[in-house]
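Put the two chains together into one complex, using the hints given.
Order-wise, the sequence lines are chains W and X.
Under the working numbering, residues 5 to 246 are what the first sequence spells out, in order.
Under the working numbering, residues -18 to 215 are what the second sequence spells out, in order.
Hints are computed from structural coordinates only; laboratory data are not their basis.
A quick note: this is a predicted structure, and the numbers were derived from the prediction, not measured.
Since no wrong hints were added, every one of them can be taken at face value.
Below, computed lysine-lysine pairings styled on DSS-like, alpha-carbon distance capped at 25 Å:
#, chain 1, residue 1, chain 2, residue 2
1, W, Lys158, X, Lys34
2, X, Lys(-15), W, Lys97
3, W, Lys151, X, Lys34
So the derived list for chain W, only partly shown, Cβ under 10 Å to chain X, looks like this:
#, residue
4, Pro54
5, Arg77
6, Phe78
7, Ala99
8, Ser103
9, Ala104
10, Leu105
11, Asp106
12, Trp107
13, Thr111
14, Lys151
Ideal placement from N, C-alpha and C gives every residue a C-beta, glycine not left out.
Residue-level listing of the chains:
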Amino acid sequence: MKLKVFADRGSQPSRAVLIFCKANGIEFEEVQIQLAKGEHKSPEYEAINPMKQVPAIEVDGKFRLFESHAILRFLATAFPGIAEHWYPADVFKRAQIDSALDWHHSTIRRGSVGVVLNTTLAPLFGRPLDPQAAAEAEKLLSASLAKIESFWLKGDGPFLLGNSEPSIADLSLVCEIMQLELVDEKLQKRILDPYAKVRKWVEDTKKAIQPHFDEIHVAFFQMKEMIKKARAGAGSGETKTG
Amino acid sequence: MKLKLFVDRLSQPCRAILIFCKMNKIEFVEVRIELSKGEQLSPEFKEINPMQKVPAMKVDERFRLFESHAILRFLAGAFPGVADHWYPADLFKRAEIDSVLDWHHANLRHGSAGLVFHSKLARLSGRPLDLRAAADCEKVLSASLAKIESVWLKEEGQFLLGNSKPSIADLSLVCETMQLEALDEKDRKRLLDPHEKVRKWMDDTRNATQPYFDEIHGVLFQVKDKLKEMESDE
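Next comes chain X alone, as it looks inside the complex (with noise of 0.2 Å):
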């Protein structure tokens, strides 16, 4: 199956494919839609996608796919050699990773995501801040890095659910978290200083999918220094 995805590596859900494939030598072609740019808004990508969002992914110039979890969940059961604990083929197992998966939207997405976006990467695409959202985004995102806590990481195992190996779950909601990374370290401490096992949990899944955790975020890290650039000229 000759696969393409369709990314933009500033985007948490992209990431989290790219590792995925990279994780497990699924050889694909990676094309580069800048957000920045409006690029996810050309004609040409609304074929690939009409909800003009990354990620995307076309297989064999036929079949269409959207929804990073879709993606993962496709990728893990229709490439060879996928090891289990990605997404498990026992049911029990499988569907306690699909209600992490169903749960992070309107929780650590619409946080993180939310307060990233209307405090600081707005600005990437020339819109304004829109600070009164971010506080909002900010209370969802506390209560999930609670809740990630308290319900979702166990007392035995390093990973979601206390799983021993990382899960698609684990990949979606640490590239997730690592998008606090543009925030100014002061509030970025802030918001995860209280969460030491989620600090912990993150790292355990960046060292589990290295040297891909790294060579993917890389662009995280540049745009740091970007943002930065942009406040102090102003």
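The shape of chain W in the complex, shown without the other chains (with noise of 0.2 Å):
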């Protein structure tokens, strides 16, 4: 199967699924889908994904798939030699994944999405900061990472279920973490710190996919250091005339 992966690495989910892919050794190409750019409102490209979002994948020329979970869940089975432990056949244990990578879309992801937008990322998509919605993202992520320590961490494993190997699941919510090393350093502090756990696990699941982990990462860390250096520009009191 010939797979064409459109992403963005600045993207969450895109993140995952090519985490995914190296990770597993399945051969893909890359096509890149500039979010600032708008890249993502091209005619072509809402031909592969008409709610015009990353990532998306084609497979064989033809067959288009778009949502991170959806597109984990296919690869994990219709590719050979996937290790069992990132979508296991067993539908039990499956079934805790699914509710994993289900929980995550209204509270995760939601909630940190809010905080980056709100507070770092709008005017890159021409749109004012809003603390406000920031704060109430804040306090829904907030109380979505104590449920991460006192539910999803339960367990014997260093994984999400207690699992002894990392899963989607691991890899979906753990790249949506990191989007937080965007914001202000004082607010991701803020925000982590009184979680141990689900710092521990950060780690633990980095270590567990590295290198791929970190090589994906290389793109967003470079935006991160363009962010900051715009946030240190802003900060020393030039002003833009005109």
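In structure tokens:
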């Protein structure tokens, strides 16, 4: 199967799909869709994904799929040689991973996106920052991180659901939490410091998927540096005239 | 497998699971958790679902599961005799259904549930309405209905993705749109009238799952009357 992955490495779910492919030796062609340049709104890309979001995949030039969790489930089951722990065949284990993936949308995803967009990234998309929306999103995110500590990380192993090896749920949720690297350091600490188990789980997940995890995050950390510089420039009192 | 379902029929994802079980002759015990009485917040229910939400499921008194899409996938895969069209074994068809189920959360679900809760149902549990939040959710709802028409419903087939038979995605999303019955008739018409394809798909899904669809949705129509009473008392 010839696989094309349409991604922006600045996008959390894009990174999860890219890392999964690399970690499992799945060959693919990466097509960069740069969100900051509005490339997701082009008619060509709309033909790939009518929702105009990344990531998306195309198989053999004819089967298209979007929504990162659907993509991860598809890749885990349609490609040979994928280790069982990513998305187990056992219906009970699989159901628990599905539960974490579903829970993610309205909790970690919603909270994290709300914080990062409304404190940092909105201007990149021509929108104003929104401190009130950011505060609401932070509440949701904190409550969700608390749930990861009290429920999802219960059990013997270091990964979600007490598993001893990472699943696609760990990959998806950790890539989402990584996005907090983009916000002001004080804010990042305020959000994550209370949750030692979460921080350990993020590190364990990264370790388990090296070197692919770090490799896919290189562009993301470059983006972080650019944003930090811009934030420092704005804070030094320079004003744009005209 | 002995199946227990913890549900409130006022909840859209609960209804989807109940209809699915009835359609597929899956035997279960229904344990009613009344949201308007705050029963989901009891310590007993927290043992079943630490997220304190419905629906939740228990199998053989030991395996617990929450999140309706995870439950629907589990039931489709774990019980014998479930027709393939609900959640096909073919990985490509299955992936497309997964895509709809995932899209649903931040789109139709967020829009519809938010609108109905913040403008109507909050009253049932004695909470204040939040019309600003309702207005935001209405925008998301309208955009989502438009996407269902332009992306998910095709020329061929009556169901999502151009399928000729309903899947768990049809069931989940139609139960969500049915929640709009709780709105004032004029608002419901205003939201749904522009979307003829959506209305037809709702009817087709309802017809394909009778008599259970109407049976399980009965409570929604009772609530409509109750809300009218509460509003006229003010």
